[in-house]
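2 protein chains.
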Amino acid sequence: MKTLNQIQILHTIDDIRRFVKQHRADGRSIGLVPTMGSLHEGHLALARQAKQQCDIAVMSIFVNPLQFGPAEDFDRYPRNLENDAKLAETAQVDAIFAPSVREMYPNQQFTYVDVELLTENLCGASRPGHFRGVTTVVSKLFHIVLPDKAFFGQKDAQQLRVIQQMTEDLNMPVEIVPCPIVREPDGLAMSSRNVFLSPEERKQALSLFRSLQEAEMLYRSGERSAQAILNHVAAIIKQQPLADIDYIKIVDAKTLSDVQTIEQKALLALAVRFGQTRLIDNTFLD
Amino acid sequence: MKTLNQIQILHTIDDIRRFVKQHRADGRSIGLVPTMGSLHEGHLALARQAKQQCDIAVMSIFVNPLQFGPAEDFDRYPRNLENDAKLAETAQVDAIFAPSVREMYPNQQFTYVDVELLTENLCGASRPGHFRGVTTVVSKLFHIVLPDKAFFGQKDAQQLRVIQQMTEDLNMPVEIVPCPIVREPDGLAMSSRNVFLSPEERKQALSLFRSLQEAEMLYRSGERSAQAILNHVAAIIKQQPLADIDYIKIVDAKTLSDVQTIEQKALLALAVRFGQTRLIDNTFLD
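Order-wise, the sequence lines are chains A and B.
Residue 5 is where the first sequence starts when you use the numbering used here, and the numbers rise one by one after that.
Residue 5 is where the second sequence starts when you use the numbering used here, and the numbers rise one by one after that.
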């Protein structure tokens, strides 16, 4: 049926609830891909995964003010719904839920979902309040869309881990499906913020992926000292004059707390600024 | 059908989910009455209301450790599941969900639902962490049972207000139905903790309801000064030698912040200790 394949763009909570309810009544499963728009191949891979595992793929596009700090890039975060809709349609997305800030936060917000400990290290340390904003809006989206499964990229490794924990702790009836990082042909992790990079910054940003690959090699060759690996990674990135390191850390993949010696699955995660643009990337050491 | 009327007692999340799913598949609506057991007429009134408004009434019975402070009465809180089941059956409850602490909190809990501001005054001031425990467990129960409606007593006025706000802020797909306070024939508000009162404490505890009635009369006669009404209420209660006032407050019914002059719907709420037993009661001034 052609009508099922035509993408719907819904702006209100009532409309998306009606859309989902109808498909549920017809026995279809729902997959949700929460995004902030400015779609790239990483998002589209999530959408294709949703469409593969569920009957109906809903993508939310909402630049959530609650997860941006006062000095962060909420205002300049790229927005382009028209183009996003075209891209989402190529990935067989059935509906886009694109609410306004007013639709999502009509009144003063009193209620927050807080995940403790897991949000203290890595990006949580650099971006106070960021994860509270993420978990709160994702809770809202889950309650609005009521998906069977929700799809999150491994690039935001801490976000994924935090959302998995939230879902488990609060018994949310949704399965979190992690999806691998999607990279440009030259290795740069896809990000909506990559458009801000100057050609020179873009070139120097390749050091992130290169440093992660070297870390993996060190690990595979038997190195288990976190500090030794971190020193190596930092040295590579510091060779780039435009790179301003926010953090480079090796943490336990489950607790996200720093490890000295890698004895079980660990996450090597980093955040580096190039000019005004903050990039993150990571890999598992396992 | 007899089988529909026989109460089921379910101890695991899987079992209650299966129970609810079956009824949903058959097109029935679900009402949830969250309790800590030791049922009295107040709880049963909630259950009857649930049964009146929904096809299926589920009552949860769970003494939630997360909402008790370290110096509070978690250990001595009365528990009597067998008797509770008999009482619930008389109110046509279809299923009791009575999980163990281990079932609800199998691992370290990282995630909490926090409602700010509304939880700072009244019982929130006397019981730090209490409402975080309430909102977190109620979120869990909502996600487990997925009720259409949930029923809460007006006796815990702040709890009701906090849960209404949480539901609204997080777009939870459940309607919160407030139910009036149920009182003993002599006016004492029903509470599971009333069993702890000695005959003399029980007698002196009547001053709570009496003072609320006098406050209502003052208000109806035109008094709008919160302090004047509070002084009168306090004077009545202080006549009882065993009464130890925790708080007596007049607050805005919506924001729960103190008011000086009553200009819109206000809540007169009090908490008073008799021996080791802390009682609460309230009335609206409207």
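No lab work stands behind these hints, which were simulated from the structure alone.
A couple of the hints might just be wrong.
Note that the list lumps identical chains together, so a pair holds whenever it fits in one copy or between two copies.
Below 27 Å or equal to it, Euclidean Cα-Cα: the simulated DSSO-like pairs (lysine-lysine) are [to be verified]: (1) 55 x 269; (2) 159 x 90; (3) 25 x 207; (4) 25 x 153; (5) 25 x 55; (6) 90 x 269; (7) 207 x 269; (8) 207 x 55.
Out of the numbered hints, which ones does the structure contradict? 1, 3, 6, 7 and 8
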